[in-house]
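Q: Please model the complete structure; the sequences and the hints are all you need to start from.
Using the working numbering, you'd call the opening residue of the sequence shown number 810 and step up by one each time.
Warning: the hint list may mix true and false statements.
Unchecked claim - With a straight-line Cα cutoff of 30 Å, these simulated DSSO-like cross-link-like pairs (lysine-lysine) come out:
| # | residue 1 | residue 2 |
| --- | --- | --- |
| 1 | Lys1033 | Lys980 |
| 2 | Lys923 | Lys852 |
| 3 | Lys965 | Lys953 |
| 4 | Lys1053 | Lys1020 |
| 5 | Lys923 | Lys1033 |
| 6 | Lys923 | Lys877 |
| 7 | Lys965 | Lys923 |
| 8 | Lys1033 | Lys877 |
| 9 | Lys1053 | Lys828 |
| 10 | Lys828 | Lys923 |
| 11 | Lys923 | Lys1053 |
| 12 | Lys1064 | Lys1053 |
| 13 | Lys1025 | Lys852 |
| 14 | Lys852 | Lys1020 |
| 15 | Lys828 | Lys1025 |
| 16 | Lys1064 | Lys1025 |
| 17 | Lys852 | Lys953 |
| 18 | Lys1025 | Lys923 |
| 19 | Lys965 | Lys1053 |
| 20 | Lys890 | Lys1053 |
| 21 | Lys1054 | Lys828 |
| 22 | Lys877 | Lys890 |
Hints were generated in silico from the structure; no laboratory data involved.
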Amino acid sequence: MRSYLIGVFKLEYLEYETKIVSSTSFDPWHNLALEEYLFREIKHNQVILYLWQNQNTVVIGRNQNAWKECRCNELEQAGGKLARRLSGGGAVYHDLGNLNFTFIMDRAQYDLEKQLSVILEAVRTFNINAQFTGRNDLTVEGRKFSGNAFYFERDKAYHHGTILIDVDVAKLAAYLQVSKEKIVSKGVDSVQARVGNLNLFSSEISIESMKTALMKSFQDLYGKVSEPPIIMSDTTFPLENLYKKYSSWDWLYGKTPNFDMVLSTRFLWGGIELGLTLSNGLINDAKIYSDAMNSHLIDRIALTLLMLPLQLDLIVNAIRGIDVDQEDQVIIDDLINWLLSGVI
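A: In C-alpha cells, the structure reads:
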C-alpha cells in the first residue's frame, strides 16, 4: 500500500496485479482442477478473473448429497458428467449456453460488492437491468440468471458463479432434483419458472459478447491487465493429480453410510440433513448434507459431534461452543433451536 499527502488529506490505495485466464476445455473435472490450481498458486496482492464453460454437467456444492440433488443415472446415460466443487451452495446445471466466472484473489483483495459489480456492469451494457437479490442470486425481472458461491482459506479466496445466456432449461429441470421446500421458499412453482436466460432480455447477448463485456468491466473496475488474456487448454498445466481428485468416485459421491438416525429441515440460509451412526450410545459417525454457503462450518459441525453421547444437552453445548463470526452465528443459533424443538 502506498500513501500520499495532498493538502490535509491522506490518500491510500492498494496496488495489485490483475490477470484474465480463459479455459478452452468443456470438461468440468479439468476446469475445476484448473480453478483450484489457480487458487493454490495465487500471489499476494493478485486478482484473477477466470472464465470457463462445461458441457452437459451438473455441479453440486461441497456438502451436498449427489443422489438427492441430481438424477445421476439420467445424466450419465445422456453422456453428461457430475462434478463437485470446493465451495458450498446448491446444485447447478451447465451447458455451452452458460458462462462460468471465478474471481480468485489474495484474501485481502476480496470485495464481494466490487466482484458482483463486474458481472452486473457487464450485463447492463446490453441494456438489461440486472440486480443482486437473496443470498447469492443475480436476477432480471425476478428471474435468476446467475447463482454465486464462495470459498475461503486462510489467505486466499474465490467467488464463482454462472451466467445463463442460452441454457437448455428443459435439461436443467430434467437433471436437477430441487426439493419442494426450496421451491416453496422461493415462491415459485418450478425450477423453470425461477430461472431465465439473458437472451430473453436482449438479442445482442451471446457467450462471446458476454466474455468481451466481462473482460472490459473487470479492467474498468480493477485496472488494465498486465498481459493479454491467458488461454488454457487441457494440457497447459500439469493438473493430473487434481483431475484425478475431481473425477474420482470418492469426491463425487463419497461414502453413503446406513445412518441410524436422519434429521432434516430447511432454514432461510439453506437446507440441512443430519445423519448419525451410533454405537453403544455414542455418535461414531456424523455426516451433514447441506447447500449452506459456508462449507467449512458444515464440516466443523459434523466433526464436533463425533464420539459424543446421544444426549441433547451435550450435543447442543458442543455446537454452541463452535467459534464463528457474527454472520455465521445465525446457523449455529438455528441449529440449536431446531434440536431443542424436540427432533431428538
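Q: Look at each hint and say if it fits the structure.
A: How the hints compare with the structure:
no.	hint	result
1	Lys1033 / Lys980	violated (38 Å)
2	Lys923 / Lys852	holds (19 Å)
3	Lys965 / Lys953	holds (28 Å)
4	Lys1053 / Lys1020	holds (29 Å)
5	Lys923 / Lys1033	holds (16 Å)
6	Lys923 / Lys877	violated (34 Å)
7	Lys965 / Lys923	holds (17 Å)
8	Lys1033 / Lys877	violated (44 Å)
9	Lys1053 / Lys828	holds (27 Å)
10	Lys828 / Lys923	holds (16 Å)
11	Lys923 / Lys1053	violated (34 Å)
12	Lys1064 / Lys1053	holds (17 Å)
13	Lys1025 / Lys852	holds (23 Å)
14	Lys852 / Lys1020	holds (24 Å)
15	Lys828 / Lys1025	holds (12 Å)
16	Lys1064 / Lys1025	violated (44 Å)
17	Lys852 / Lys953	violated (33 Å)
18	Lys1025 / Lys923	holds (14 Å)
19	Lys965 / Lys1053	holds (23 Å)
20	Lys890 / Lys1053	holds (14 Å)
21	Lys1054 / Lys828	holds (26 Å)
22	Lys877 / Lys890	holds (16 Å)
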